[in-house]
Amino acid sequence: MRAAELVTAGVLMLLGGVVVYDAVRLGVGWGIEGPRSGFLPFCLAGLLVIVSAAIFVRAWRRPATRPFATRVQLVPVLKVLVPIALFITVTDPPGPPDGLGLYVAAALYMAAYMRWVGGHRWLVVAGMAVTVPIVAFVVFEQWFLVPMPKGPLEAWLGY
Amino acid sequence: MGLDNLFLGFQVAITPFNLFVAVVGVLLGTVIGVLPGLGGANGVAILLPLTFTMPPTSAIILLTSIYWGALFGGAITSVLFNIPGEPWSVATTFDGYPLARQGQSGQALTAAFTSSFVGAFFSIVLITFFAPILAEVALRFGPPEFFAIQLLTFSSFVGLGGGSPLKSAASILIGFVLASVGLDIVTGQLRLTFGFVDLMKGFDFIVAVIGLFGIGEILLSVEEGLRFRGARTGMNLTVVLDTWRRLPRYYRTFVRGSVIGFWMGFKPGGATPASFMSYAFAKRFSRHPERFGKGELEGIVAPETAAHAAGVAAMLPMITLGIPGSPTAAVMLGGLIIWGLQPGPMLFVDNPEFVWGLIASMYTGNVIGVLMVLTLVPLFAAILKIPFAILTPLIVVVCAIGSYAVHNSMIDIWYMLIFGIVGYVFKKLDYPLAPLVLALVLGDLSEDALRQSLIMSQGSPAIFFVRPIAGAITAVAVFFFALPLITPWWRRWRGGGGATPVAPGH
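Sequence order for the protein chains is A and B. According to the working numbering, the first sequence is numbered sequentially starting from 1091. According to the working numbering, the second sequence is numbered sequentially starting from 215.
It is possible that part of the hints are untrue.
[As the list claims (entries may be wrong)] Here are the simulated lysine-lysine pairs, DSS-like style, with alpha carbons at most 25 Å apart: (1) B:K641 x A:K1169; (2) A:K1169 x B:K599; (3) B:K481 x B:K641; (4) B:K508 x B:K497; (5) A:K1169 x B:K642.
By construction, these hints were calculated from the structure, which means they are not laboratory data.
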């Protein structure tokens, strides 16, 4: 826990410092129309640096106790996190190649997760992975007209 | 005058469409309350984009109904599975789960739902009468008063929130800093974007709520290796009627819980302390305090009444002052802004049918809620039998859709994931999340109030102290901020005095 406390407080100090830097660039004083843009961020970030420094010092003085997370705890957490990151990447990667769209990615993600983490039968896996995206499609695209990222499959179906 | 308005409100709330919306909302809300990783705040956040095309009154009825449902749903998991869905349901598990283990889960659930209803009803009646008065007073408030109230809101997290005051302060400051990212509408300058186009839009509170509370919660629960060992529901009409016959004898606990809940509830973060306080009082005044914790019905009545009274009371400052009393109310406040309504006392003047429709829908929503949970409990309990490996990806997909729908942008889904990791780390390190969300929602409003006040006073912060109302509120806020510094000193002083025997004749 101690290491995690120190790292978190350190990151917060850094964040505060970056904000202070940008606030100074924007101007922290009094402009034509009242306080300049940087005024409030400067005050807030300044306080954030002070507060997180205090948290840092307190954590530093305390002896290290139990770890932030044991290996046994961390593995299931990563088993959730990594598939989510893959799911988002498959939906639409940050770079130029277009993704498969949210619905197809959701189907693949749900199927993969249920099969490899949950070990469910293929019938259950396929049923869920097909039904959920279709229901989501009907509810969001058709009823509430909220568009989601779409890929080649939807284009081929004419949406 | 108030009753006329309430009547107008009922005409809005009892239209077939709005009643249908309330039923759907309560149903969804209860499911959300029962599911691990989804709670009131992020349930409302995920569904907020769906309301953009609805009339504002129906939209707020949907969102508040989800909130009532989530409050009821929290009691189901507490009693049947010993898993408090929300922090204010923790005290309900003390006697709810033992009762369920003794095969009396039907009685426990009936008591929980009925107490929730009574607590909520008490708060709604008070809101009906106090909201117009408070709004009337607040109409005379200027920017300095509003800024002072916002200061008070955040000071109560630091001074009264429990946990580490430094971490509460850090959480508030992070929220405000995130809120200031992007275009400054007053000066037209870009803030904290460092040339990245994606940062120009800033951070949306909906995405933050979904990530912090939704994804973060899932990560925490898989780490703890969550397994559901449920008790049977055992609900039927005989059990309900039988329990109802036993409940009136706890009328003192009902009244005490409602009053504590309302009083604590309209201050931020009040529901959890209210539920514990009500439980402690009930135990203290009971003739059988030794039965508490082993399955005493009164031990369910007390926290549930207070928690629901507090949960409803959190709506009072939201509609009258534009200050949300809880993260869920904060998300709804963000909704008001998106629907083009100005939160605060002007609502009572400009949109009476919206405000009174909302207040009337609190009555209908809670009546619908208690009837639905009493009849449909087995259905809701069955949701928890769905294996975790199916629920997890389902919740993640719903969260991703909700995040994307806010601005139709992929970057928001990535933010959701990042906020999820932050939420997980912060929860483990005891940084409170509610103040962060509140600061993120209120960021722009607070900054406007601060700017306008400073322009009024030509830069002098004295304006927050010399105006009578603002001065009084600021003084209380400063006191709360100073409380963590004063308390140890005060304790030492008193402790020192108590430890050394007082000389006779002194």
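Now for the hints, and whether the structure bears them out:
no., hint, in the structure
1, B:K641 x A:K1169, "holds, 19 Å"
2, A:K1169 x B:K599, "holds, 21 Å"
3, B:K481 x B:K641, "holds, 22 Å"
4, B:K508 x B:K497, "holds, 12 Å"
5, A:K1169 x B:K642, "holds, 18 Å"
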